Structures are given as structure tokens and as C-alpha cells.
Amino acid sequence: YSFPTFYSPDEDHGWVLTPGIEGWYRKEGESYVKINSDGLRDVEHSKQKPANTWRIAVIGDSYAEALQVPLENAFWKIAENRLGQCGALDGKTVEMINFGVSGYGTAQHLITLQKKVWDYSPDVVLLAVTTNNDITDNYRPLKGADDVPYFVFQNGKLVEDNSFRDSAKYRKRDSNLFRSWIWLHNASRLIQLLHHGQETARLKISAWKEQRRLAESKKAPENDPAPQNSPPKRVTAQDVGLPNMVYLEPADKDWQEAWRVTEGLIAEMRDEVREKGAKFLVAVASIDVQAHPNREFRQNFMKRLGVENLFYPNRRLQDFAARERIAFVDLAEPMQTFAGQNNVYLHG
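Numbering (our numbering), first residue to last: 450 to 797.
These are calculated hints, taken from the structure and not from any lab test. Predicted model, so just to flag it, every value in this text is computed and none were measured. Certain hints may be false.
[As the list claims (entries may be wrong)] DMTMM-like cross-link-like pairs, simulated, lysine to aspartate or glutamate; straight-line CA separation at most 25 Å: (1) K564 to E712; (2) K725 to E609; (3) K526 to D688; (4) K526 to E477; (5) K725 to D487; (6) K476 to D737; (7) K606 to E717; (8) K702 to D688; (9) K606 to E477; (10) K592 to E659; (11) K592 to D623; (12) K564 to D595; (13) K565 to D487; (14) K592 to E648; (15) K728 to E745; (16) K483 to D539.
Starting from the given sequences, assemble the full structure and let the hints guide the process.
Rendered as C-alpha cells:
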């Protein structure tokens, strides 16, 4: 039995995966996880790229980190195996290196690119975007956290804001006392068991509160119907939850700036990758409701949001990539089609 803490404080990213830590991950699904000596959820990779090898660096959040599944089931490991059989690569060995860390936004992805990725001399950098939270993660007023780095526009240029190092939350996490607590936690199965029970209860309470909030929001229009001649009510984060506002074209300054910063960060990554002589690819996976197999469920959800489809963030990024000449792959619509045809829940 184990329920370790996999993360350590880091003055560049806010937190990182702890090199060499291993144990059972049990928050979503269950898998035995080993973090390699460089703090990557991956097997060991040499810094020196082997001869006749084609390397792909994968940068992303929990989708790429993939603690929820055995390593061999992670998308980048499956892709590595399949690409190794591709005749177009002229017999080269394909090596995909995973830099994904849960909770990271595009700001931390850019820092990862600058601080860690180039040590491995990749030929391709793949940025896996999660529209469910990457846009909000990149803007302090929407994320509401002071213990992570951000980038802000100053005089038309993106500038790193690393003031998180002075926040009380980060200083506490970076203290010798807290680091000692993490060591004690990971050394004691009893403490891990107590933490496991506490975390399970917290998640259940959080899910119950969200279900209750959604139920109340559905009742509201029936109890207080709008006059027939009045304009449609503007959907707010209070109505549908902050993450679901990503399906709508931004109507306020916070969301507009969050999108502006996100697109700016992706352009910064593209420029750095090109400067290093590698290729850059942006891939966008689906969000749970986008790939829900039940069409009626999706239609009811779209009705609540007042939208005609659920692909605004994907299409916006696709248009941005086209303007900026960035290679782009959108997986959301084909995943929705696959889920509907096979009646399968791709997000649990």
C-alpha cells in the first residue's frame, strides 16, 4: 500500500514531480507510478540523443503526465510504439519524452521548454493543450492562485511574473519544515492511509457541492422566467461554472486577456522551437462534455450555455495556429464522433 506525495516545490514552476519517487496513484483510477531521475513521469532517457533517433518532447498537464494509467497506456507511449513502425521515418528509432505535469498551464509549459526540454535535443516539440483549464491557468484573476508563475503583457511583450516566490503559500511549501513533512509522509504508510481517506472525502464533498450547484442553476429559470420580449440572459460563471465559460466567445476583459496571454505564450514557444531548429506542433484533446457519447446530453448542455456547438476553444486555437503558421491537430471533434458511434465514455 502507498499514497505518496509526488510533487516538490520548485522556484521556476511552483512545483515539479519529485525525482525518483514511486508508489501507487489512487486519486483517479489506479496505477503504480515511477518518476525518473530527472523528475519526468517516464522511463530514463539519456541527455545525449542516440544516433539514428527521432526525438519528440511532449509538454502538457495531467493529460500528458497520465498518472491515472500505467505508463504503457499513456498516449505518448502508444504513439512512440506506433510511430516506430512508420516507414516514412527511414528506420529511425522514435523516442517520445514526457514533460507533462498536473496543473501546469501554458506559462509553466514555456518555462519547461526553456529550462528542461533542450537538454534532450528533441527534433519535435509537441504542446498538448487542455482547453478545459489551460486558458484560465494562464491568467491570475481567473486562476485565483498566487503560488504559480504567470506571464503578463508589458509594452506589448510578454514578461514573466515570478512574484509567486514571495507568496505565503509558496514560502510555506518551500520551507524546511514542510519538506520534512513530505519526507515523513512518504516514509509512513499510516500517514499516507490517513491522507488517502481525507482526500477521498474531500473529492466526494466537492462532487456533491458541484451537483447541488448545477441542480440549483437548472431550477432558476423555471422559478424566475424572463419576460418574453427581453433579450436572452447573459450566461455567467455562476450559472455554469468558470471552466465552462471557455465554450463561449469571451465577453469580459478577464477572459479576453486570458486568451491573449495564452496565444502569446504559444507564439513564444513556437519562436523558441524554431530558433533551436526543431519543429513545433500543437495538439488539442477533448474536454469531457465535448466527447460525451449522448447527443441529447450535449444538446441540453449547449442550450444552457446558449451556444450552437462546443468547439469554440478548439476552433479559435486552430484559427490562431493558421495565422501564426503553427502545425495544429484538433482531436475533439473526431473523439466526439468516435464516442457517439461506439457509445463509450472517453473521460470516465
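What hints, given by number in increasing order, does this structure fail?
-> Hints 3, 9, 15 and 16 are the ones this structure does not satisfy, whereas the remaining hints hold.
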